[in-house]
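Those sequence lines, one after another, are chains A and B. This note's numbering numbers the first residue of the first sequence as 1 and each following residue consecutively. This note's numbering numbers the first residue of the second sequence as 1 and each following residue consecutively.
Derived from the structure by calculation, the hints contain no laboratory data. Just to be clear, a hint being listed does not mean it is correct.
Said to hold, decoys possible - Covered stretches of chain A, as calculated for chain B (at least 3 residues, CB under 8 Å):
| # | segment |
| --- | --- |
| 1 | 6-15 |
| 2 | 51-60 |
| 3 | 86-93 |
| 4 | 120-131 |
| 5 | 158-167 |
| 6 | 202-213 |
| 7 | 256-263 |
Quick reminder that beta carbons are idealized off the backbone N, C-alpha and C, glycines included.
Spelled out, the chains give:
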Amino acid sequence: MKKIKVLILRTAGTNCDYETQAAFELCGAVVDCVHINTLIERKDKIFEYDILAFPGGFSYGDDIASGKILANEVKNKLGDEVREIALSGKPIIGICNGFQVLVKMGLLPDPKLFEQISTLSYNDSDKFECRWVYLKTEKKVKNESSCIWTKNLPDIISLPIAHGEGKFIPGDKKLLDILNKNNQIVFRYSAKDGSDPGYPLAPNGSVEQIAGICNTKGNVFGLMPHPERYVFALQHPAKEGFDGKYGCGRIIFQNAVNFVKWS
Amino acid sequence: MKSTTNCKIIEILNLSDEQLAELSRKNVLSLSLAEMKAVLDYFKKLKRNPTDVEMETIAQTWSEHCKHKTLTGIIEYTEEEESGKKTKRTYNNLLKETIFKATVELNKEWCLSVFEDNAGVIDFDSKNGVAFKVETHNHPSALEPYGGSATGIGGVIRDILGVGLGAKPLANTDVFCFGDPNTKASKVPEGMHHPKRIAKGVVSGVRDYGNRMGIPTVNGAVCFDEGYMANPLVYCGTMGIIPKNKIEKKVNSGDLILVAGGRTGRDGIHGATFSSVELDTESDVSAVQIGNPIVEKKVLDTMLKARDLNLYRAVTDCGAGGLSSAIGELGEKTGAVVYLDKVPLKYDGLYPWEIWISEAQERMVFAVPPENKKKIVEIFKKENVEAVFVGEFTNDGKLILVYNGDVVTSMDMSFLHGGIPKPTRPAVCKTKEEKVQKPVKMNSSEILEVLKASLADLNVCSKEWIIRQYDHEVQGQTIIKPLQGNSIEVSGPGDAAVVLPYTVVKGTKKGVVLSNGLNPQYGKINTYKMAASAIEESLRNAVAVGADIEKISVLDNFCWGDPNKPEILGSLVRAANACYDMSKAFGVPFISGKDSLNNEYSIGGKKYSIPPALLISAMGVIENVANTVTMPLKNKGNKIFVLGITRNEFGGSVLAKIKNIKTGVVPDVYPEESKVLMKKIYQAINKNFVESCHDCSEGGIAIAISEMAFASGKGVNINIDAVEVEIKNPLTVAEILFSESNGRFIVEVKPENEATFMEILNGSVFAEVGYVSDETKIVFESKKTKIMVQEQLEVLLNAWQNTIDW
């Protein structure tokens, strides 16, 4: 059977590439971590891949604002190619800094528009924080969202976050309504029982506790928490997992690999 | 050789002794008169005066920071007992006769590289080794806390990149000693930063550098004491993984010298020599380096690629002493010629000597066979890393530096590395008999107050404010985390961290355990016991999560005052002796270490030394990370055991501080007892008979059990009368609860495993003292004395958490 090929885009300051690679490999994919300079030299190479991942880190030191420089670089030098892939329906994921990049180049929430209409800003706590949080997918979203990445997940999962600029702010109320209406808000920070969390389980002050969103088509997905850091039960602080062995994060990567496999 | 606009001849041939000393002082050379005279003799033979480049090269090569001349020099040591009895011993090389000697005698076959490279390396599996190094960056952090600590962590990461042919960093550790953050502003010495400002700046520096490097900070400690007010201690450590066939480096004559990474600027001039001078209001901030983690991250990414393609034969980092130190070390056996004008600069206007000794950050030096010249530069260039050839390794044993066609340095490597005269220093230690304090009698409510005060004590309280600012999860390999809870909402202080390097070694089950031990309070009374306790604490911490003491190695980091003062040096000798004794007794080898001396500062002309501090950092290999435990209690009904003997030991304890008790015996170490116990605990954990385990240290049993309880949200009932205590010096209930005796653990066991567990422990001292309750409170009870201490977990948790909430 044909191997599913994943491209992880690297640049100066990328630092979650190894574990993101490991997560996709666990799900049976073949992964290349490619530096953006290499990709810019050979733009067509990007079309050889089935899945595109923007990993976490501090691209270019997060100077100016988190993810901003890489967002501009991708948009200016690979914008046509990346947008084409997004519109073609291939899975694209942005994790943490990768989410910031997708939002700041405007690939999320609307790759057709391809303009920045929302942002990820400084945490309300005004500091970088690393902790585990609960994420909730609402019933309606669960049933109706087209997101290919979040299928088959328990209603409430836990994942670690590690960021200083994770407060999601949509450009205006209208956009927030659209995101809600289209079931694009796939993850919200939550308490263990699904109720509204206070700080620190709501780690950054995101509008409506937004932790992860997708485009309307459901193939482009960005989130602040790190699913690649919870692919084994052992990685959980209390060693919890499903099947006694795996972490919930793994399902997210498996979903994308399966999606490509069966489409 | 002649004076040019860029290079001056330093007139020394006709100088008197006083003038030589003055020259050393004026130019921050930090060379003693004997050393200046050795320089004079060498240049007399050459029949010329040295250039400024040569003087600076000698000064940094011979600096305490680079040469460790105190620990490797001659020490005439006298130990004087109260009775007046004196014991004398001369050390020709303290390091070789204590710490290193133990390693040689233990001769562990799993030690792959010890005390010779930028880090110590031990065996991980059949293909890989793991390297560990801990460094200090104290003086820079005093002057510029953020930049000082950032470049501290940046520097030790480069040590790991520069071990063998380069290791991949997997985890960072950080340990700090600060002044009291609640010090009144008026009490802060003039010209010094407030301790809280230093603490916040240092934490931010480590955070921003470590996080951007993508290396999780997984283990650490913080100690507050007013003695560190103007001279904080900043220890930064990095652990990395390296293929076994990349551990050796060898420079060949004809290899090209490649400098890759950051550009050279005026930052960090005299960093190596400045670290040997006490701090005062005149200390120069330009001695502090400027860090850029993203440049270093790019170097890391690219150099590991070049390593795997075998494109270079040797590498080392530019740390203290800059290019001078890096190229000097690599070319020691061959000789080297360097064209200083080829070194890429941040800006124009640097003198040749500044280029040569600048400690600008993020630079690595490689020895590249000429045939790989193109390929290696290509790899760096592809990811926008500047890499420039600046010279080559020769075969004449000379160091030749050329600037714009002029030879500005021509010296023998043998003089540079071997010409330093060995100093002889007297050292004295006056030992005092420690006396047991008056019995500490407290009623139930007084005990509760002390419990809460201990939990809130700066040296016991939660360091969550710091820990959460570090990404301790990046790389996804932190299996045992610094903060541990039974659910993600609660957390207690973990004993050690365990890293599973599965992204590098696919499919591995093996983990690397990292822990530390440090207790300067004990050192104020007895540095031998401080060192012994630090070693045991680091081992206990590792064993508490499931490490096998047979596979643990340790690092030493001495931070001391001025070694020219015999009593200060004497206290160091005593600590070094403890290192030898404990290393041998526990069978745990030292694999690397570092010393930072001259931690002194002057206020109003009066000099103050820091309380001596020996940080012991432990690294071990765990066979299967699934067989590890954390410290929160797990389930109601489970039994709680105290392992080890509780002795009447309160010297330097938290209780002594809170109750202002001036007497007391400093906790001693009984390695014969402890080692056997540690082996049994390993056996029990490895066979999954242990639910949770916690090291008993600062604050004693009461603190350890409280922490286990509030980290789980589960209550406990403890019978204090059941704890095994020494008979010689009987303890009160309060003393049993707060004694800081070494060699003790708290362990939780399921009722059905109790019998087997006790069988494993047979022969060691232990006692079942209580059980996990289904309430949310802690109960300590002594029926004998009718004492009953109880408190809600939440109250204790708050006491622990609220001290540092900045």
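How the hints compare with the structure:
Closer than 8 Å: that is the beta-carbon criterion, and the segment 6-15 of chain A has 5 residues meeting it against chain B, so the requirement of 3 holds. Counting residues of the segment 51-60 of chain A whose beta carbon lies closer than 8 Å to any beta carbon of chain B gives 4, which reaches the threshold of three, so the coverage claim holds. Counting residues of the segment 86-93 of chain A whose CB lies closer than 8 Å to any CB of chain B gives 0, so the stated coverage by that chain is violated, three being the minimum. Taking a C-beta to C-beta cut-off of 8 Å, the segment 120-131 of chain A contributes 5 residues in contact with chain B, enough for the three needed, and the coverage statement holds.
Under the rule that three or more residues need a Cβ within less than 8 Å of chain B, the assignment of the segment 158-167 of chain A holds, with 3 such residues. As drawn, the segment 202-213 of chain A meets chain B at 0 residues by the rule of a beta-carbon pair under 8 Å; below three, the given contact is violated. Against chain B, the segment 256-263 of chain A contributes 0 residues with a C-beta closer than 8 Å to a partner C-beta. That does not satisfy the three-residue criterion, and the hint is violated.
In this structure, the earlier hints numbered 3, 6, 7 are contradicted, and the remaining ones agree with it.
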